[in-house]
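Start from the sequences and build out the full structure, keeping to the hints where you can.
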Amino acid sequence: MNTQAVTDSRKYCLNCFAIIAGNLTQCTQCQYPQPLEYDKRFLKPQYRLYRQYYIGRVLGCGGFGITYLAYDRNLGTRVAIKEYFPTGFATRAEDGLTVIPASGQEGELFRAGKEKFIAEARLLATLRSHNIITIRHFFEDCNTAYFVMEYLEGETLEDYLTRKGGKLPAQEVRKLLFPLLDALDEVHELKSYHRDIKPENIYMTRKGQPILLDFGSARQQISGKTESMVFLSPGYAPLEQYSHNGIQGPWTDIYALAATYYKAVTGITPPTPQERLASDSLLPPQALGIEMPPQEEQWLMKGLGIKWSSRPESTTEWRMMLEGRPEDEEFRKRKEQEETFVKLAILPKLVDKLLTPAEEQEVYEAATYMNIDNERVHFLIDRALEKTGSLRGDPIADKFVQGWLKNLYADETE
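Residue numbering for the sequence shown follows the numbering used here, starting at 2 and increasing by one per position.
Hints are computed from structural coordinates only; laboratory data are not their basis. Idealized CB from N, CA, C, for every residue including glycine. Misleading hints may appear alongside valid ones.
With a Cα cut of at most 30 Å, we get these calculated BS3-like pairs of lysine-lysine [stated by the list, open to error]:
no., residue 1, residue 2
1, 45, 12
2, 192, 388
3, 168, 117
4, 388, 303
5, 45, 117
6, 344, 308
7, 336, 388
8, 344, 334
9, 350, 334
10, 354, 303
11, 192, 344
12, 176, 208
13, 303, 336
14, 388, 354
15, 334, 354
16, 176, 45
17, 41, 117
18, 192, 308
19, 350, 388
20, 344, 176
21, 303, 192
22, 308, 208
23, 308, 117
24, 334, 308
25, 344, 388
26, 303, 165
27, 388, 334
28, 192, 117
29, 308, 336
30, 165, 176
31, 350, 308
Here are the computed distance ranges between Cβ atoms for each label pair [to be verified]:
no., residue 1, residue 2, range
32, 374, 164, 46 to 54 Å
33, 369, 275, 37 to 45 Å
34, 40, 371, 57 to 65 Å
35, 366, 390, 20 to 28 Å
36, 268, 343, 38 to 46 Å
37, 187, 343, 43 to 51 Å
38, 164, 392, 34 to 42 Å
39, 390, 292, 32 to 40 Å
Here you go:
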């Protein structure tokens, strides 16, 4: 759709969308102050986006998007609209509407992030968890992309913690955050990951229901395409997110949720993984005087393992560590089978701390006899390499390269 401002002679409150007189600086119904000027980074207030949504106040603004309160004129209800707007790679035009991507490589990054933003909207639209925001509509306009979400009154966990003095009793934190494990189960089943869980991205409704917000799809896409920029949340991002070659999976979200849990019970943001590698100063909650059952503390610290291979590999496994529920028989048998496979087929090849291409091929061939799929084999190999400090390599090729370099330098010195 071509961008076209839809004028309306009536003035709306930017919060409750009641019609108010044009000269009023405060809504007579909700008492919300009406600004005389607006920030030029944002869409014009009162603008009718996609000919359906009246733009109201800004609910939040991050490095990759802006969220607005809006009024759906078709349904007659308030909604939240997220706009793809990476501040480092785009600007707002003089018309107060159109988004202008940067040129060159930054323009390519804008487009790559936009594709991931669209993919995020499509993913969220398929999810049915009550702890993930509901997507109502998706569209492109103003030279960028938008998705429309249900609007829930409440506050972020970050604001909630501030209001409560910075921390909460462990029992309350568990009640607030444990439902998010079920939400992550659904996301991970689709081979997708949140990648940016932190107090700011968990919304607490007035009924106390936690909602996961702001999946880091666009952010991760741009980070993966540039060596000079990595967009992370210090204290909540695990070690593997700091590397373009880091192995990410359910354990990535487990770390971030565990870090959020730690922050909520102690009031302290965990050190970054790099700081912990140098000297792990992360103290268990009980060492900080926090009352917490020993089993729960052990569960929490397991989720905060520095290396991905030291954490649970799924939210199901992590949950069972705390709840103590009997393992599903099929799940138990699969774990035993994989442990046997690693012990007999992988570890013997890592005695010299090197896995050659030929040896790796042998591992995949052995897996066919145990009905373990290739994706799972790749995971088990990576985990074994990480735990044993081994590397992939080809000694024959390395020897050839070393000999070639030696001869090359010898020729230059003659």
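Right, here's what the structure says about each hint:
1. Distance hint between residue 45 and residue 12 is fulfilled; the C-alpha atoms sit about 13 Å from each other, no more than 30 Å.
2. For the hint pairing residue 192 with residue 388, the CA-to-CA distance comes to about 23 Å; that is within 30 Å, so the pair holds.
3. As the CA atoms of residue 168 and residue 117 are separated by approximately 34 Å, the hinted pair breaks the 30 Å bound.
4. Proximity of residue 388 to residue 303 is assessed by CA-CA distance (about 15 Å); at most 30 Å being required, the pair is judged to hold.
5. The straight-line distance between the Cα atoms of residue 45 and residue 117 is roughly 25 Å, inside the 30 Å bound, and the hint therefore holds.
6. As the CA atoms of residue 344 and residue 308 are separated by approximately 21 Å, the hinted pair is consistent with the 30 Å bound.
7. At most 30 Å may separate the alpha-carbon atoms for a hinted pair to count; residue 336 and residue 388 meet this at roughly 17 Å.
8. A threshold of 30 Å between alpha carbons decides the hint, and for residue 344 with residue 334 the separation of about 15 Å falls inside it, so the pair holds.
9. Pair hint residue 350 plus residue 334 holds up; C-alpha atoms about 24 Å apart against a cutoff of 30 Å.
10. Between the alpha carbons of residue 354 and residue 303 the distance comes to roughly 26 Å, so the proposed pair stays at or under 30 Å and holds.
11. Taking the CA atoms of residue 192 and residue 344, the gap is about 27 Å. The hint holds against a cut of 30 Å.
12. With a CA separation close to 13 Å, the supplied pair residue 176 and residue 208 stays within the 30 Å bound.
13. Taken as a hint, the residue 303 and residue 336 pair is honoured in the structure, with Cα atoms around 18 Å apart against an allowance of 30 Å.
14. For the hint pairing residue 388 with residue 354, the CA-to-CA distance comes to about 11 Å; that is within 30 Å, so the pair holds.
15. The straight-line distance between the Cα atoms of residue 334 and residue 354 is roughly 29 Å, inside the 30 Å bound, and the hint therefore holds.
16. For the hint linking residue 176 to residue 45, the alpha-carbon distance of about 40 Å lies beyond 30 Å, and the restraint is violated.
17. Of the supplied pair hints, the one linking residue 41 and residue 117 holds, its CA atoms being roughly 26 Å apart against a limit of 30 Å.
18. Restraint check for residue 192 and residue 308: satisfied, since their Cα atoms lie roughly 20 Å apart, inside the 30 Å limit.
19. With a CA separation close to 14 Å, the supplied pair residue 350 and residue 388 stays within the 30 Å bound.
20. A hinted pair counts as satisfied when its Cα atoms are at most 30 Å apart, and residue 344 with residue 176 does not qualify at roughly 39 Å.
21. For the hint linking residue 303 to residue 192, the alpha-carbon distance of about 22 Å falls within 30 Å, and the restraint holds.
22. Pair hint residue 308 plus residue 208 does not hold up; C-alpha atoms about 36 Å apart against a cutoff of 30 Å.
23. Pair hint residue 308 plus residue 117 holds up; C-alpha atoms about 27 Å apart against a cutoff of 30 Å.
24. Proximity of residue 334 to residue 308 is assessed by CA-CA distance (about 26 Å); at most 30 Å being required, the pair is judged to hold.
25. For the given pair, residue 344 sits about 13 Å from residue 388 by alpha-carbon distance, which is consistent with the 30 Å threshold.
26. A hinted pair counts as satisfied when its Cα atoms are at most 30 Å apart, and residue 303 with residue 165 qualifies at roughly 27 Å.
27. Of the supplied pair hints, the one linking residue 388 and residue 334 holds, its CA atoms being roughly 22 Å apart against a limit of 30 Å.
28. Distance check on the hinted pair: residue 192 and residue 117 sit about 15 Å apart at the alpha-carbon level, within 30 Å; holds.
29. For the proposed pair residue 308 and residue 336, the alpha carbon gap of about 20 Å is at most 30 Å, so the pair holds.
30. Distance restraint check for residue 165 and residue 176: the Cα-Cα separation of roughly 16 Å lies within the 30 Å cut-off, and the hinted pair is therefore satisfied.
31. Of the supplied pair hints, the one linking residue 350 and residue 308 holds, its CA atoms being roughly 22 Å apart against a limit of 30 Å.
32. Our hint of 46 to 54 Å for residue 374 and residue 164 holds, since their Cβ atoms are close to 48 Å apart.
33. For residue 369 paired with residue 275, a C-beta distance near 40 Å keeps the hint of 37 to 45 Å intact.
34. Between residue 40 and residue 371 the beta carbons are some 59 Å apart, a value that agrees with the proposed interval 57 to 65 Å.
35. Taken as a hint, the range 20 to 28 Å holds for the pair residue 366 and residue 390, whose Cβ atoms sit roughly 25 Å apart.
36. The beta-carbon spacing between residue 268 and residue 343, approximately 40 Å, falls within the hinted interval of 38 to 46 Å.
37. Our hint of 43 to 51 Å for residue 187 and residue 343 is violated, since their Cβ atoms are close to 28 Å apart.
38. At roughly 49 Å, the beta carbons of residue 164 and residue 392 sit outside the given window of 34 to 42 Å.
39. Checking the proposed 32 to 40 Å range against residue 390 and residue 292 shows it holds: the Cβ atoms sit about 38 Å from each other.
In this structure, the earlier hints numbered 3, 16, 20, 22, 37, 38 are contradicted, and the remaining ones agree with it.
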